[in-house]
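Since the structure of chain H is provided, determine the placement of chain B on it from the hints.
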Amino acid sequence: KQEVTQIPAALSVPEGENLVLNCSFTDSAIYNLQWFRQDPGKGLTSLLLIQSSQREQTSGRLNASLDKSSGRSTLYIAASQPGDSATYLCAVAGANNLFFGTGTRLTVIP
Amino acid sequence: EPEVTQTPSHQVTQMGQEVILRCVPISNHLYFYWYRQILGQKVEFLVSFYNNEISEKSEIFDDQFSVERPDGSNFTLKIRSTKLEDSAMYFCASRYDRLEGPYNEQFFGPGTRLTVL
Numbered sequence: 025k026q027e028v029t030q031i032p033a034a035l036s037v038p039e040g041e042n043l044v045l046n047c048s049f050t051d052s053a054i055y056n057l058q059w060f061r062q063d064p065g066k067g068l069t070s071l072l073l074i075q076s077s078q079r080e081q082t083s084g085r086l087n088a089s090l091d092k093s094s095g096r097s098t099l100y101i102a103a104s105q106p107g108d109s110a111t112y113l114c115a116v117a118g119a120n121n122l123f124f125g126t127g128t129r130l131t132v133i134p
Numbered sequence: 002e003p004e005v006t007q008t009p010s011h012q013v014t015q016m017g018q019e020v021i022l023r024c025v026p027i028s029n030h031l032y033f034y035w036y037r038q039i040l041g042q043k044v045e046f047l048v049s050f051y052n053n054e055i056s057e058k059s060e061i062f063d064d065q066f067s068v069e070r071p072d073g074s075n076f077t078l079k080i081r082s083t084k085l086e087d088s089a090m091y092f093c094a095s096r097y098d099r100l101e102g103p104y105n106e107q108f109f110g111p112g113t114r115l116t117v118l
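Just so you know, the protein sequences line up as chains H and B, in that order.
Every number in this note's numbering is 24 more than the matching position in the first sequence, counting from 1.
Every number in this note's numbering is 1 more than the matching position in the second sequence, counting from 1.
Isolated chain B, as found in the complex:
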């Protein structure tokens, strides 16, 4: 069964360093998302991406964040200058088609745990 994959599973970085989190969405999906979950808190939306551009972003997604689909398969989240408070689990998700069912489920990857020291 097709699945969303994410690499690495765990990334440790020093404060101020740049990190790139990678995701491979399900191949025929058209909509891509990043969410994060700080330890002990709820899952929060960061950004959605469709047709090679951002369709919506949250207040969290400030200038230090960027997303890119560099080729036909990868979807990346870059954090330019990491802060301690960026430590979290980052989830990638993808969705196939229109918002009205039945193909509107978001499928989630296993997550990347980012630790900023």
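Next comes chain H alone, as it looks inside the complex:
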């Protein structure tokens, strides 16, 4: 069964710093990988989707990479802002569902 792990579980950085969130998965037979943002008590906001054939995707200050063979993805956030504070989830797509990680709770200190 697919297992998705995110490290670190929590991260606190000063405003303006660049940071990297990590996601690993045990089964490389995936169709895509998505990064989501979740604010406390709220829903899931999709940030980036990387197809299994792609290596990276970029959106604004966010860049996500995918190394399917090693079962790893990273989410790079440039020039972090207090508004980036949230929990970041990665999810890998199997044939019939998404498998989610437990998330990284990011706090950006002004």
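Please note that a few of the clues may not be correct.
Here are the simulated DSS-like cross-link-like pairs (lysine-lysine), alpha carbons at most 25 Å apart as the crow flies [to be verified]: (1) H:K92 - B:K79; (2) B:K79 - B:K43; (3) B:K43 - H:K92.
Computed beta-carbon distance windows for the label pairs [stated by the list, open to error]: (4) B:S82 - H:G40: 29 to 37 Å; (5) B:L40 - H:E27: 20 to 28 Å; (6) B:Q15 - H:R85: 40 to 48 Å; (7) B:N75 - H:D91: 36 to 44 Å; (8) H:S93 - B:N75: 23 to 31 Å; (9) B:L100 - H:G84: 25 to 33 Å; (10) H:A33 - B:L100: 35 to 43 Å; (11) B:E101 - H:V44: 34 to 42 Å; (12) H:A33 - B:K84: 23 to 31 Å.
Since the hints were derived computationally from the structure, they do not count as laboratory data.
C-beta atoms are modelled at their ideal positions from N, C-alpha and C, and glycine is treated no differently.
Chain B alone, transformed into the frame defined by chain H:
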């Protein structure tokens, strides 16, 4: 931009009662899903639905749960006799087409927070 909608946003019920959570997927999507997230835990898959039948379900999706697409637009999750441990955020999602990209993204609704007292 098309989006998945869910109603209600918050439902409070007494233990043992039946609840129906409603979702309207994006109109041309063919695959539908329910996930749940217990407070402080990860998002977990419940069930996937395609061509008017369940295509996969998790261990969580036992006999107290059922799904239905009663018309051309709604997709519902019924919990027959709610338990305290059913309290969670329930997310509906839909997807358009084949698993190979580029139309394989799952789009999520805003969720229904279910509180069982």
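Go through the numbered hints given earlier and state which of them the structure violates, listing their numbers in rising order.
1, 4, 8, 10, 11
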